[in-house]
Structures are given as C-alpha cells and as structure tokens.
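With chain A held as given, fit chain B with the ligands onto it using these hints.
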Amino acid sequence: MHTDRTDRRGHRPGRGAGIPERADDARWRDAPWNGGHRGEGAGRRDGNGWHRGEPDGGRDGDRRGERGGERDGEWDGEWDKVTGRARFAAEYSPRAALAYAVPVQATIARGEVRNVDSETILTLPGMLAVLWHGNAPGLGVPEDSGLALFQSPKVAYRGQFVAAVVAETLETAYEAAARVRVDYAAEPHDVVLRADHPRAYRAWEDAPGEDGREAVERALREARVSLDLTYTTPAYHHNPLEPHSTVAVWEDQGLVIYDSCPGAAAVRDTLAELFTLPPSLVRVITPDAGVGYGGAATTRPQTVLAAIAAQVTGRPVQVTLTRRQMFAVTGYRTPLVQRVRLGADGRGRLVALGHDVVEQTSTTADPAAGPGAAGGPGRPVCEVLYDVPLRHRTHTVVPLDVPAPSWSRTQGDLPGVFALESAIDELAAACGLDPIELRLRNLPEADRPGSAAAGLAACLRAGAERFGWAGRDPAPGVRRDGRWLVGTGVAAAAYPVAQSPAEATVRLDADGRFRVRLAAPRMRPEERAALTTIAAVVLGVTPERVEIELGGEGGAAAGPPAPAAAGGDEPEDVVRWGMPVVRACEALAAMLGEREAHPGVPLEARARADAPDGGHAFGAQFAEARVNLDTGEVRVPRLLGVFTAGSAADADALRARFTGAMTLGLSMTLCEEGELDERWGGFLNQDLSHYLLATFADAPDVAALLLPGDGPAPDPAEADRLTGLGTSGTAAAIANAVHHATGIRVRDLPIRLDALVGRLPTG
Amino acid sequence: MRPFDYERPWNIDAALAAVRDTPGAMYLGGGTNLIDLMRLGVLAPELLVDVSRLPFDRVEETGDGGLVIGAAVRSADLASHLGVRRRYPVLAQAALSVGSAQIRNMGTVAGNLLQRTRCAYFTDVTKPCNKREPGSGCPAVDGVHRNLAVVGYSPSCVATHPSDLAVAFAALDAVVRIEGATGPRRVPITAFYRDPGDDPRQDTVLEHADLITGIEVPPAGAAAHSAYRKVCDRTSFAFAVVSVAVVLEVTAGAVRDCRIALGGVAPKPWRAERAEEVLYGADATEENFARAARTEPAGARPLRDNGYKVPLVRNLLTRTLIDLAKKGA
Ligand SMILES: Cc1cc2nc3c(=O)[nH]c(=O)nc-3n(C[C@H](O)[C@H](O)[C@H](O)COP(=O)(O)OP(=O)(O)OC[C@H]3O[C@@H](n4cnc5c(N)ncnc54)[C@H](O)[C@@H]3O)c2cc1C
Ligand code: SF4
Chain A
-4 MHTDRTDRRG HRPGRGAGIP ERADDARWRD APWNGGHRGE GAGRRDGNGW
46 HRGEPDGGRD GDRRGERGGE RDGEWDGEWD KVTGRARFAA EYSPRAALAY
96 AVPVQATIAR GEVRNVDSET ILTLPGMLAV LWHGNAPGLG VPEDSGLALF
146 QSPKVAYRGQ FVAAVVAETL ETAYEAAARV RVDYAAEPHD VVLRADHPRA
196 YRAWEDAPGE DGREAVERAL REARVSLDLT YTTPAYHHNP LEPHSTVAVW
246 EDQGLVIYDS CPGAAAVRDT LAELFTLPPS LVRVITPDAG VGYGGAATTR
296 PQTVLAAIAA QVTGRPVQVT LTRRQMFAVT GYRTPLVQRV RLGADGRGRL
346 VALGHDVVEQ TSTTADPAAG PGAAGGPGRP VCEVLYDVPL RHRTHTVVPL
396 DVPAPSWSRT QGDLPGVFAL ESAIDELAAA CGLDPIELRL RNLPEADRPG
446 SAAAGLAACL RAGAERFGWA GRDPAPGVRR DGRWLVGTGV AAAAYPVAQS
496 PAEATVRLDA DGRFRVRLAA PRMRPEERAA LTTIAAVVLG VTPERVEIEL
546 GGEGGAAAGP PAPAAAGGDE PEDVVRWGMP VVRACEALAA MLGEREAHPG
596 VPLEARARAD APDGGHAFGA QFAEARVNLD TGEVRVPRLL GVFTAGSAAD
646 ADALRARFTG AMTLGLSMTL CEEGELDERW GGFLNQDLSH YLLATFADAP
696 DVAALLLPGD GPAPDPAEAD RLTGLGTSGT AAAIANAVHH ATGIRVRDLP
746 IRLDALVGRL PTG
Chain B
469 MRPFDYERPW NIDAALAAVR DTPGAMYLGG GTNLIDLMRL GVLAPELLVD
519 VSRLPFDRVE ETGDGGLVIG AAVRSADLAS HLGVRRRYPV LAQAALSVGS
569 AQIRNMGTVA GNLLQRTRCA YFTDVTKPCN KREPGSGCPA VDGVHRNLAV
619 VGYSPSCVAT HPSDLAVAFA ALDAVVRIEG ATGPRRVPIT AFYRDPGDDP
669 RQDTVLEHAD LITGIEVPPA GAAAHSAYRK VCDRTSFAFA VVSVAVVLEV
719 TAGAVRDCRI ALGGVAPKPW RAERAEEVLY GADATEENFA RAARTEPAGA
769 RPLRDNGYKV PLVRNLLTRT LIDLAKKGA
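Sequence order for the protein chains is A and B. Final position of the first sequence in my numbering is 758; the numbers increase by one with none missing. Final position of the second sequence in my numbering is 797; the numbers increase by one with none missing.
Calculated from the structure, these hints are not laboratory results. As the structure is a prediction and not an experimental result, all values here were calculated from the model. Take the hints with a grain of salt, since some may be wrong.
With a cut-off of at most 25 Å between alpha-carbon atoms, the simulated DMTMM-like pairs for lysine to aspartate or glutamate come out as follows [as the list claims (entries may be wrong)]:
#1 Lys794/B x Glu745/B
#2 Lys795/B x Glu754/B
#3 Lys794/B x Asp476/A
#4 Lys794/B x Glu755/B
#5 Lys149/A x Glu163/A
#6 Lys795/B x Asp476/A
Just chain A, same shape as in the assembly (with noise of 0.2 Å):
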C-alpha cells in the first residue's frame, strides 16, 4: 500500500486535541493561505507593508511609488480590482507580527450576557485574550452605542458581538470563538415588523388635521377612482466583495487603523470619541475600497473590536468578517410596509395621494434620531414627480429586537419608488389609460421649482420610442410565445442630486501633463480613474496626459494624521468631485486657446462645485417580463433606462454605472431578501447561497439611455447617487410588467416563482 503521506509533517493533533500554535505546526506555518509570508523579513511585503497581490511583487511598487501617494501618471487604477493589485484594509501587514481578532455574536435576540467562559478558552495554545463586557476596557460612549462594544451585558439583537477571541493565528482564533461559550439570561424577543405593532411610534407627519389627512381622506373617499394598497419589501443586506475588515495598531502617535470604510474621517472621529483621544491622534486609513454605499460609510464594529483588541495585547490586531457575521453587523435595509391610497377624477388626474410607510428599527436607536437611517420612503422624491393637489404622509417605526438598519445602495427612495410606480400602474388600469399617458397628465407644472415636468416627460417619451411602446395592447395577460406569457412596464424614476462643496484645480506644466489637484483625501480606484476620464474628455488629451493629485501634501496614507479635514466627514466625500473637475477643466480648455496671445502665464485654473439642494434627476424605465405558464419562473429579457444625466463628461461610465444600477435593482426584485428568523431572531439566510443575488443570466439586456437636458443633472462621479437614479424605478417597472403579462399583481418583493405558480392559465 502506498500513502501520500507528504502532507503530514508535524504533530498529528487528535481530534480534540487542542489547537497546534502555528510556530509549532510545519503544516500550519507554511500553508500559503496561513500566510507563511507574513512577518519581518518575509520578503513579501512593500516598503508600506501591503502585501503584494502579484507573483511579481517588485514590478508593482516600481510603478506607482508609495501606496496612497502620488501616483506617476498612470491611468490603470480602474484595473486593479480585476488583476489583482488593489490592496485593501486586511492586507496591511505591520512590523510587528499581526495577532487575530473574531468576534463571538450573541446567539440569542434580546437579554444579558451573564457569563463568557473565558478560561478554559485562554489556556488554548495560540491564545491572547478573550474580551467581553467582564473585562473590556471602558470606552466613552459613541453615538452609536452599537460601537459601544462589551460595555454593558445587554443583548439588543441576534448577531450582535458580545465576546471576541484575539489568537495569534485566524484559525486559532476561528476555532476558539466557537468554542466559547457564552452564559445568557435571554428574554422573549419581537422581531416580526407588522404595522399595527403596539411599540409602533409616528416619527413624523407632513400634514396632520384638517388640511391634512382628512381632506386626504375626504378626497379619497370622493374621488371617481380611489385605491388603497399595501406594498411590502424584504430586508435587503449589501453582500460587498470585500468583507468588512480592519487593521489597528496602536503607536506612541495614537492609534492607526487601516480600514475597509472609505469615510476615514467619519471613523477617525468615532475613534477618537470611543477612546477618548484628540483626532489628531487617531490616523485612519482608508486603501482601496471593495465595499462602500450603507453598508460601510459609517464605522462598523470590526473597526472597534481590532482597535480594542490591539490595545489589550499590545498588538497590531486584524479583524475580518466573514459573510455570515456581516448579515448581522454592517446593516441592512429596513424591512417596509407602504401603504399607498390614490384618488384621481374620471380623467387620471390625481386628486389625491396617502403615503404611510412602516420601517423597522433597533431598541437601541434614539428614536428622537427619526427614521433617518434609512431614509424614508416617504421622502420628498416621490411628491417631484406628480402634481397631486392633497398629500398626507406618515412614517411609522417600530422598535424590535433587531440590529440597526442603515441605508443600502441607496436611501429609502428606491422602495418609496416601487410602491408609487406600481400603485400608479394599478391606477392607469383603474383608469382606463396607458400608464404613460397617465403619468403624463400629472405631470407638475413646468415652472415649478425641482418640477419633473420636462425630465420626466422626456424620459418616458424617449424610452417609449427606443422601447416600442406605441401600440401596446393594455390587456394584462393575453400574450403568448410559446409557453411564456409576455408583458411590458413602465415607471418614473427620480432621485435628489445635491453638490457637497468641492474644488479642483487643473494646471497645464512644462511636461505637457495636466494635473488635477484635489483636496480630497483619498478615492477609490474607480472613481480615480473616472476622473482621469472625464478630465480628458473636457480637455480633449488622452487620459495618459492627465494626473490627479489628491489630498494636501500627497496621499491619505503617506500624509499627516487626519487629512480628511478637506474632505468633510459625509462618506461621499471621495466621490463627489466631477463637477469641480469638470469646471476646472472647461476654465483651462477655455485658457488654452489664449495661451498664444500670453506666452509664459502659467495655465492653471480653479472651480468650486456647491450645490446642497440640486433637485431632482429623472429617470423612466421600461421592462419587458416573460411568465412561464407552467412554473411561474419570471424573466426580464429587456430593461431599458433613460436619464436625465446633464452634461455628463465621461457618458460610458455613466451608462455603465446606470446598467450596473439598474441589475441591482432586478436583483432586489426578482432575488433579493434577507430571511427573518421569527423564532430565532436575526437572519437565517446568511450567505449568497440562501441569499440570491442576480447572475449575469438573470439581466442579459440592460440598457440605459442619457438625456442631455438642462435641468439638474447627477455629478458624474457620484456613484452613489447614480445608484440611487438606476435602481429607483426598476422594481416597479418589473413588477407592472409581470402584471401586463399575467394580470397578477405582485405586492410584496421578491417576485418569486411561487406568487404565481398555480395561478397561471394551464391550458
């Protein structure tokens, strides 16, 4: 007989035999996922000490020059997340030998931790510490008092960190947090949203009394059609690339970290605040990015735990989430109950509009705060786009046992959306009329400021044309090919545009380079390499003859503590300078033209981009949906956008990020939901196996059409908002064509297989 045996030099460790420290272990040490290379001397890391995400680790660092500094004029940073070569958080790897964080997450949804047994755990080989709120070092209390980790016993959610192993090893570390365990007082939990909930509280509403509600209601009851319907949609979680993940070391300086959330001045502040240290004293930075919008803007509590592990061993700490342990931990969209009541007169012009929405919320959360976190779906985008006479919103919340929500892709304005596209679909078809005639009659004047008047209609005209809507048979539920039944929707889309303030300098030098100095202090890969776009598409060069320059002196990472102070602490910060860019650049192609007639002056010029209340973009999206008779399986083989995009420099990126947009929202449509476990508490589907997402097959023709128009247009770099435009309206557009092409209306997201199976026509 004759056994490989190569693969077991070292101990044999029996099962439950402990767990072999890596220093002892070959098998351990030299593992190349164990990271045989990390440490002093290894030879894998730059001079920064980022690893080297290429075999060929000298060619990277010749190139660029300092990580987060300067770069020498390339222009392939939109590459680096498809070779290979972006660096993120988890990567950074200080001198002194990393140690490893993972957190312990409270298995029950609400009650104390009693007791966490940390001695049987400690005497593990590999171990450093185990921390909970027994011997956690005190923090000041943040804002957030979801940061406030291990302070208290109380158990506000399932999932919610309660202990943390520190080992020196990931594995160890791993194999010791699930062996911890955990004493807990647990009490009955609620975390079932209803909108008759009895903890329920109005957060706020736009017009109570008698101008208000009830002349709503009056006009309701009065109006020749009058609907009154209820949407639901699911939790929604972020699933980024890169999971959440933190480096902190603590120097004789103060505390550094090296983190997965691009708002480093937003995460400097909460250090600051729980450590109780000036920010000047905390240096946060951010490299590149995989993970942004909700789901990592704001601090999340790996960024806390590696900072408080770190203090505690004396140690550089990394902490890395797993996927399951974000389901809990970096926030999701808030579960929504809409209840939408339209009134029109006999011609489909609305008289009337009710907007309740329910949102679910933390019993942590201050509910003086309002329903903020996930902005509500009430917000004013759903009144910009038609003209109804009498308006009465409310927005309900109701504390359960359940983590904090925060906003995700976009604020509440993409639910918001759905359930007012598809009531006003259900109100065409009440009516008698084609839904985009509909729309078009309650249009809001033209004049009016913010007014979706001309956006809007030219969207929904354009997209008919590119669509072919003209002719379309209104009939839900009478077209067939083969055994699939065939429909078409429609729905506006809107979302705000707001400019933070934002300046850029281009300057023309000797070596014929334009540089585009910004005081950001920091951007994703992408968003640089936008930039670079844009600027040569308004100057007219080639993207190798432009540089962006970013932060004061040099890079976040290569710069003094905190040089965020330029940027603003909203965590669009690092994606709101195309305007600027685009301002500067027009100025100096303007000035190139007189370069001639003033040889010697330097050419540089400046523009400031400041615009918080910017109105509105506008967006229409058509969809076509195919029904199997026999399964009820839904497919989208054509989505079309069309926006009012403006000026947009750089409109292949712009048409790429609208695609892009509008996949996640058919992804929220058709896929998307985060399982409650009533029982439990928390989320039972936590990984992207139970948790679907679109694939490539799901979406084969997404398509976006730009509009230059005059109105407000959408910074071409503001990649969250764009989000917020391409997915506002995709759900409703789906969910309308669904019904076109069965007559079944679907109210409550996903649409899956089994709303309508069984309800189909057999023959």
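Relative to the frame of chain A, chain B with the ligands by itself:
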C-alpha cells in the same frame, strides 16, 4: 475550522484502509460541499482522504450499451461526454444544471450524490437541527421552510436532498457501486437514500469507510427520449426549487416505458411510481400526462409555506412529458 490531516492515497485499497482505521476520517472529492461544511463547523473530520484522483475518474462503456460513471468524474466532464449526451440527455442536462462552471469543474459525481441538504438551519450551528444533533429539534418545521420537502419527510426532519444528478440517476434506474469493509456491493439509487425517520443524521445507507467507486447506468432503450428540467429561484447557478427527470418511450401513440423522478420535493429523489403506473400502456395524450402528473407527488403533505411546490412540480412534469412525447412523434 479545526486542524485536520490530509492524505492522498493512490489506490482504492489504501483509501479504504485509511478511512477504516480512523473513526473521524472522511473521503474528499472536489471538496465543494465538504470543505464548506467544515468551515461552517457543521463537520469536523480529523482526516481527509482525497479520492478525487483515484483511477475511477472516467466514463466507461459496458458491453451491453450501458455506462459506468466513475465516482470521481467531474460534473463538467459528465455534462460534455458524448455518449452521455447522445444516449442519456437527462443525465447530461442534469450535470450541466449543477451550480456554476467552477462548481462543475470541481465537484465529483460521488460527492454530488453525498452532498448534504441546503436547509439553512443545518448550516447554522448556533441553532438546533436533528440532522446535525439528533434530538435537538427541527426548527424548520415551523420556521423557514419555503424550499423544503412536501413529501417523504418525517416530523424530525423536513429537509430535501439537493442533488441534481441523483434525480437523473433515479429516472435511469442507476446502481451505485460501493467498496466497503465487507467487499464490493451494488445498491440501486432508489434504495440508496434513507428515510429520515426518527434519526435523520444519515442521508444514505453508506457505512463508515464505504467508498463509492462508480455509478452503473443501464442501457438506454433505443426509442427512449429523456429530459431533465430544473426550476430555480434565479436563471442560473442555483439549487432546484423542484426538478423532474423523465425517460419516456412512446410507440404507436402509447406509452411503452416511462420512468419519472422528482427533485426538490423529498429527502431523496422521488420516484413518481404512481404517475408511471397511470402512464404505462396509456395513450400518450396531454390529458393522460396531466392526469398522471396530478397523482404526484403521491401523498404530498406540504408545510405551511411550500404548498406552491405541488402545482409547480405537477405542471413541470406534465409539460416535460408533453415535450418528450412530441420528440418521439
Ligand atoms: C455554490 C454551489 C452551488 C452548487 N450548486 C449545485 C447544484 O445546482 N446542483 C447540485 O446537484 N449540486 C450543487 N452543488 C453541490 C456540488 O455540486 C456538489 O457538492 C458536488 O458535486 C460535490 O462534489 P465534491 O466532489 O465537491 O464533493 P465533496 O465536497 O468533496 O464531498 C461531498 C461528500 O461526499 C463524500 N465523498 C466524496 N467522494 C466520495 C466517494 N468516492 N465515496 C464516498 N464518499 C465520497 C465526502 O466525504 C463528502 O461527505 C453546489 C455547490 C456549491 C458550493
Ligand atoms: S429540516 Fe432537517 S436539516 Fe433542516 S433543521 Fe430540520 S432537521 Fe435540520
């Protein structure tokens, strides 16, 4: 995840011996299911014995026109094998429907038959589950069970078996070849999976150290047509919500042979014997197909949230029979 040992024996005897001698040992195929479960803490084998490169990695012709599919054949190779595609479309289609290209390149046929349920409680070690810890309870019965069984389950476990290949093999009357402590044996796929009963731990009749070496597929009837149809919650790269595997032979307008297996409805591939009975000798008409489909899944008792699977699988079966009969005509 706990430390474990890894061995790669070069022949079957060495593999058998390695697992037999270590109670905590498990065979390793492509690892697409086992490694995941180890990461999640659901399984903690002490020793992995890699059998993915043992010499049963081919599809072989038997003299009588059947096939023996080696245990270590990857799903991708099964899906593209010419003989399989020509004579057993049902099997090629099932193999092609597995996961993604990456999963098909890694996952082996034996591993596919032995993969564990996708019940989300099973993979969440912070919650009870009788399949993981007998006697701890089954939270799925009143919990999240939209995708679980409608038939053949027990109160102790309502999980489904997620394999696509097993459903196709069941319709083909395939036989599993096993090497064990007491020598080789052959078990029909229809007798391979256990009913959950009071102890749902073991999905199959395999004992410790039993090694699957291959799957025998009997010769295909000359006039038979076959198809695998899988319905998922998204267009690709997902487990079946339900699936059907059908082998149908129609001669002179009448059903001469008919074998049907249903996936996603039970803890095992569900052989639709009732429907088969209705169809044997019957005229191959749409009415008869629908009538047969309505008898299945025989004895179905859907849970609170999965009643939709019953019309779904009936419709899917009816349509698959109609389409296959048209091919034969
Ligand atoms: C993302 C994802 C999607 C998937 N989608 C699908 C899908 O759509 N349809 C589907 O059917 N499957 C799907 N799978 C499951 C996957 O196809 C199967 O897990 C795969 O075929 C298993 O094969 P493997 O070789 O990787 O098994 P392993 O993970 O190596 O092993 C699985 C089990 O089989 C045992 N085993 C392996 N070989 C032998 C042998 N020769 N004798 C005895 N025991 C053995 C192992 O001990 C283990 O218990 C998916 C898996 C993933 C991760
Ligand atoms: S259905 Fe089976 S696998 Fe799922 S929880 Fe119940 S016992 Fe466990």
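Hints violated by the structure (listed by number, smallest first): 5
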